[in-house]
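Participant: Sequence:
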Amino acid sequence: MSQTFSHITVLLDEAVRELVHDPDGFYIDGTFGRGGHSAKVLEQLSDQGRLMAIDKDPEAIAHAHQRFGDDARFSIEHGSFADLQSFVEQRGLMGQVSGVLLDLGVSSPQLDDPERGFSFLHDGPLDMRMDTTSGESAADWINRAPETEIADVLFQYGEERFSRRMARAIVEQRAEEPITTTARLARIISEANPRWEKGKHPATRAFQGIRIHINRELADVEACLDQALEVLAPGGKLVVISFHSLEDRLVKRFIRRHVKGDEHLPPGVPVTDDMLKRRLKSAGKAVRAGKDELNVNPRARSAVMRAATKLT
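Heads up, the sequence shown stops at 618 in our numbering, and the numbers go up one at a time, no gaps.
In case anyone wonders, no lab produced these hints; they're calculated from the structure. There's no promise every hint is true.
PhoX-like mimics (lysine-lysine), calculated; alpha carbons at most 20 angstroms apart, straight line [claimed, not checked]:
| id | residue 1 | residue 2 |
| --- | --- | --- |
| 1 | K591 | K566 |
| 2 | K558 | K597 |
| 3 | K558 | K591 |
| 4 | K583 | K566 |
| 5 | K587 | K558 |
| 6 | K587 | K566 |
Using the sequences plus the hints, can you model the full thing?
Facilitator: The following block contains the structure:
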């Protein structure tokens, strides 16, 4: 395992306070990271309570065994939260889960470790995989993908308006020599960016887009949200912390859709509330980090927490 990198858990108290409503319940931390939320959840649980964590990252799995291996209430699965339902079915607990927590995005240890290839601030191998045991690395993809595909990824997932210029530069440069490091990719993208945003590295959006694509982040979130609704017990809590607008938009729309209920009833037919089949009740407005947390952890500035309770 690589050297230890620190991680400050975002919206820790707010998330766990919203999530844990039954100390004897069964809870899921779908993004273990370095265990900040898991530790706080376990503090709230009784001897009968249980917590299952999930993480793609082998380093997170190893850390979980070191930190909580002696706690009989805790277990962890190596995989994606997109397989949430499968993990719950294996335990025979469908429809009995008290709460599901998702802390989306990349953890500080992943960002800060140059060997992981997530950051343009440190030179390292161009990898970006959360699960380093499977899948295609960013270098593999960036050196084989067609120019149009690269441009689409940077535009759709990175919201990068100069995506076509950047994709063209990447294809031209890789023809001379394969792009295998974060520093070289960041330099190519920066030089292709004609208008740098104040206070933001010119490769920020492009790196975000590539990372989301490599890890199937948005597809996994969509799959997990649907499955969370099925595994939760009535009264169970769904709590999601997002770090960019694409994720938050998915979560917001998902909650809103199931709060409203069935919108496809025949026009002109008298509708009673039970016919709408509402499945969620929103916990209210989105929650953001306060000044005290931002002073300690500036990375929390983009965090948005949304929560809802399952009705039926």
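Participant: Are any of the numbered hints broken by this structure? If so, which, sorted upward?
Facilitator: Hint 2 alone not satisfied by this model.
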